[in-house]
Amino acid sequence: MSEEQDVVTVIQAPIYLKYNFTAGAAPARFLTQLKKGKLTGQCRDEPGAPVYIPPRGSCPATGKPTEKEVELSDKATVQSFTIVHIPIPGNAIQPPFIVANLVADGANISFIHLMSECVNEEVHIGQRVQAVWKPEAEWDYAMDNIKYFKPIDEPDVPPEQIGKLPVTGWEG
Amino acid sequence: MRDIAICAYQQTDIVSDAGAQNEVELIMPVLGRTFAQAGINNAQDVDFVCSGSCDYLQGAAFAFVLGVDALGAVPPIKESHVEMDAAWALYEAILKIRMGHANSALVYGFGKSSPGELPIVLSQQLDPYYLAPLWVDSISLAALQARLMLEQGLITERDMAEVVSRSRRNARNNPHAQLKGDISPEDVLAEETYVSPLRKSDCCPVSDGACAMIIATVDQAQAWGLPYAVISGIDHCIETHNLGMRDLTDSVSTRMAANHAGMNAGKVDVAELYAPFSHQELILTRALGLDAETQVNPSGGVLAGNLMMASGLSRIGEVFNRIVNGEAQRGIAHATSGPCLQHNLVAVLEKGENA
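Read top to bottom, the protein sequences are chains A and B. So that you can map any letter, position 73 of the first sequence is 72 in numbering that gives the first Met the number 0, and since no number is skipped, the others follow by simple counting. So that you can map any letter, position 274 of the second sequence is 273 in numbering that gives the first Met the number 0, and since no number is skipped, the others follow by simple counting.
In case anyone wonders, no lab produced these hints; they're calculated from the structure. None of these values were measured; they are calculated from a predicted model. Any given hint could be a false lead.
With a Cα cut of at most 20 Å, we get these calculated DMTMM-like pairs of lysine to aspartate or glutamate [said to hold, decoys possible]:
1. B:K199 to B:D158
2. B:K199 to B:E156
3. A:K35 to A:D143
4. B:K95 to B:D218
5. B:K266 to B:D234
6. A:K163 to A:D73
7. A:K17 to B:D16
8. A:K63 to B:D44
9. B:K350 to B:D2
10. A:K37 to A:E135
11. A:K17 to B:E116
12. A:K17 to B:D136
13. A:K67 to A:D44
14. A:K63 to B:E78
15. B:K350 to B:E326
16. A:K35 to A:D73
17. A:K163 to A:D44
18. A:K17 to B:D54
Which residues of chain A face chain B? A partial, calculated answer using Cβ under 10 Å [claimed, not checked]:
19. I14
20. K17
21. G23
22. C58
23. A60
Rough simulated footprint, nothing fancy, chain A against chain B, three-plus residues with beta-carbon under 8 Å [to be verified]:
24. 15 to 21
25. 65 to 77
All C-beta atoms in this analysis are idealised placements derived from N, C-alpha and C, irrespective of residue type, glycine included.
Hey, can you work out the whole structure from these sequences and the hints?
So, in structure tokens, the structure goes:
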């Protein structure tokens with residue numbers, strides 16, 4: 000082998016693996032309610048236990064199962080946000096758009112969702128928002144049953160109160 | 000050097016499909032029982048936590064992070080993970096304790112293999128340039144190994160069938176076993192071949208489940224007042240990934256690990272060997288020089304149910320159970336990883352003073 004060989008810098012070895020993925024028993028309970036247009040958090044069956052959404056099956060703070068379901072409001076508070084300047088593949092929303100950490104009334108931790116029907120530059124922490132749902136005929140076991148959240152005319156929530164509102168909402 | 004003891008061990012039933020449960024839902028009950036056995040509340044009451052799992056089993060990146068949600072990690076804990084069987088998580092925890100960085104540790108392993116096609120998934124742990132792109136599955140590789148054994152006259156198909164028969168019969172006393180029953184060697188030999196020369200019964204089943212263990216310094220174990228077994232030695236050795244360069248009819252790395260762990264310093268009453276295929280139990284038994292004095296796989300071994308990423312730790316747990324129950328004074332547990340017994344760990348367990 001006196002001839003010089005090309006250096007091999009790349010080989011193609013694509014991997015295809017099939018899975019029957021399972022969300023879990025607790026997430027399945029959440030998704031079942033979501034298909035009916037309801038946001039449900041879960042918590043340990045103890046007074047004052049923190050309410051998680053989306054539930055994964057455990058209360059991470061204690062390692063105990065979240066056996067109790069709590070129906071939440073579709074009103075929420077902005078805990079944090081970012082303005083995104085790149086498109087989401089397969090999503091009709093056009094950049095620049097808002098991705099926000101939102102805490103639903105009655106929940107103690109945030110979930111991530113989109114905001115729209117808003118002036119991006121005026122979005123702020125503590126802002127009150129509400130879900131804009133797809134038509135009921137399109138509801139599935141999916142969080143995009145909610146198209147996005149839009150601002151509502153309620154007073155801002157002070158930072159120390161975010162994540163502590165009751166399911167009945169915020170009076171200001 | 001500080002002596003280290005096993006103080007608690009629990010596992011789930013080994014099932015073919017854990018159904019709707021996700022990993023954290025599999026782990027939580029077994030951790031709860033382990034904490035109860037040790038008389039502690041949660042992972043806050045040990046100094047270190049280490050887990051073993053593999054994202055490829057369920058097909059989700061960083062799947063092991065979800066497992067932390069079962070621990071009660073508020074306030075934060077010292078936690079680590081190996082993308083291996085939890086027997087190696089135990090090894091890491093032992094190093095942590097020996098270095099004086101912890102006095103106690105929780106070790107757990109979990110695997111939900113049912114969502115994927117396990118033998119195909121395992122092909123992707125092979126070397127990425129040659130074998131993995133060929134999609135050589137774990138059963139085919141084991142079959143090549145069994146063929147070598149048979150052609151060289153080292154074993155017969157009847158020897159293999161006797162391993163299967165003993166496994167299924169022993170598993171009748173194991174409440175967690177997946178496959179159990181009064182199966183004779185003749186019954187096994189009457190089966191058609193699956194991946195020649197292997198019959199389906201020569202191969203461990205695909206299983207879901209989890210197990211957990213608490214270890215501590217002997218001083219801590221005595222302070223807790225728990226029956227314990229001392230881990231008097233542990234070591235692991237690995238062979239080359241190039242299957243053509245290995246003697247597949249022997250397990251040199253198992254023998255080396257056992258020698259380093261001090262297996263031969265005393266009588267071995269019981270051995271739990273991680274042999275996913277019947278002929279591999281014969282390889283391991285011979286590599287270790289075990290004779291009729293040693294009871295091999297009284298639990299049924301992994302032919303009766305194989306929790307990927309937990310079966311190795313489970314072998315150690317089975318020997319622990321037999322020592323604290325007074326059925327054995329001293330035993331060895333073996334864990335394996337990789338194709339055709341590539342990587343092997345051996346632990347030697349002995350009865351503690353108050354066990």
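Outcome of the hint check:
1. Distance check on the hinted pair: B:K199 and B:D158 sit about 15 Å apart at the alpha-carbon level, within 20 Å; holds.
2. In summary, the hint linking B:K199 to B:E156 is supported, as the alpha carbons are separated by about 13 Å, within the 20 Å threshold.
3. For the suggested pair A:K35 and A:D143, the alpha carbons sit about 13 Å apart, so the restraint of at most 20 Å is met.
4. For the hint linking B:K95 to B:D218, the alpha-carbon distance of about 16 Å falls within 20 Å, and the restraint holds.
5. Between B:K266 and B:D234 the CA atoms are separated by roughly 18 Å; this keeps the pair inside 20 Å, and the hint holds.
6. A threshold of 20 Å between alpha carbons decides the hint, and for A:K163 with A:D73 the separation of about 15 Å falls inside it, so the pair holds.
7. A threshold of 20 Å between alpha carbons decides the hint, and for A:K17 with B:D16 the separation of about 16 Å falls inside it, so the pair holds.
8. This hinted pair checks out: A:K63 and B:D44 have alpha carbons roughly 15 Å apart, not beyond 20 Å.
9. Taking the CA atoms of B:K350 and B:D2, the gap is near 12 Å; set against the 20 Å cutoff, the hint holds.
10. Annotation: proposed proximity of A:K37 to A:E135 holds, straight-line Cα distance about 11 Å (limit 20 Å).
11. Between the alpha carbons of A:K17 and B:E116 the distance comes to roughly 7 Å, so the proposed pair stays at or under 20 Å and holds.
12. Distance check on the hinted pair: A:K17 and B:D136 sit about 15 Å apart at the alpha-carbon level, within 20 Å; holds.
13. As the CA atoms of A:K67 and A:D44 are separated by approximately 5 Å, the hinted pair is consistent with the 20 Å bound.
14. Simply put, A:K63 and B:E78 have alpha-carbon atoms about 18 Å apart, close enough for the 20 Å limit, and the pair holds.
15. A C-alpha spacing of about 10 Å is found between B:K350 and B:E326, which places the hinted pair at or below 20 Å, so the restraint holds.
16. A distance of roughly 13 Å separates the Cα atoms of A:K35 and A:D73; the hinted pair therefore holds under the 20 Å criterion.
17. As the CA atoms of A:K163 and A:D44 are separated by approximately 18 Å, the hinted pair is consistent with the 20 Å bound.
18. Proposed proximity of A:K17 and B:D54 is supported: the alpha carbons are some 13 Å apart, at most 20 Å.
19. Interface restraint check for A:I14: the shortest CB-CB distance to chain B comes to about 6 Å, inside 10 Å, so the restraint holds.
20. Restraint check, A:K17 versus chain B: the minimum CB separation of about 7 Å is within 10 Å; hint holds.
21. For A:G23, the interface hint holds, the least distance from its beta-carbon to any beta-carbon of chain B being 3 Å, beneath 10 Å.
22. A cut of 10 Å between beta carbons decides the hint on A:C58: the least distance to chain B is about 8 Å, and the hint holds.
23. Interface restraint check for A:A60: the shortest CB-CB distance to chain B comes to about 4 Å, inside 10 Å, so the restraint holds.
24. With a threshold of 8 Å between beta carbons, the proposed coverage of the region 15 to 21 of chain B by chain A holds, since 4 of its residues qualify and at least three are required.
25. Coverage of a stretch by a chain is defined here by at least three residues with a beta carbon nearer than 8 Å to that chain's beta carbons; for the region 65 to 77 of chain B and chain A the count is 8, and the condition holds.
When the structure is compared with the earlier hints, no violation turns up for any of them.
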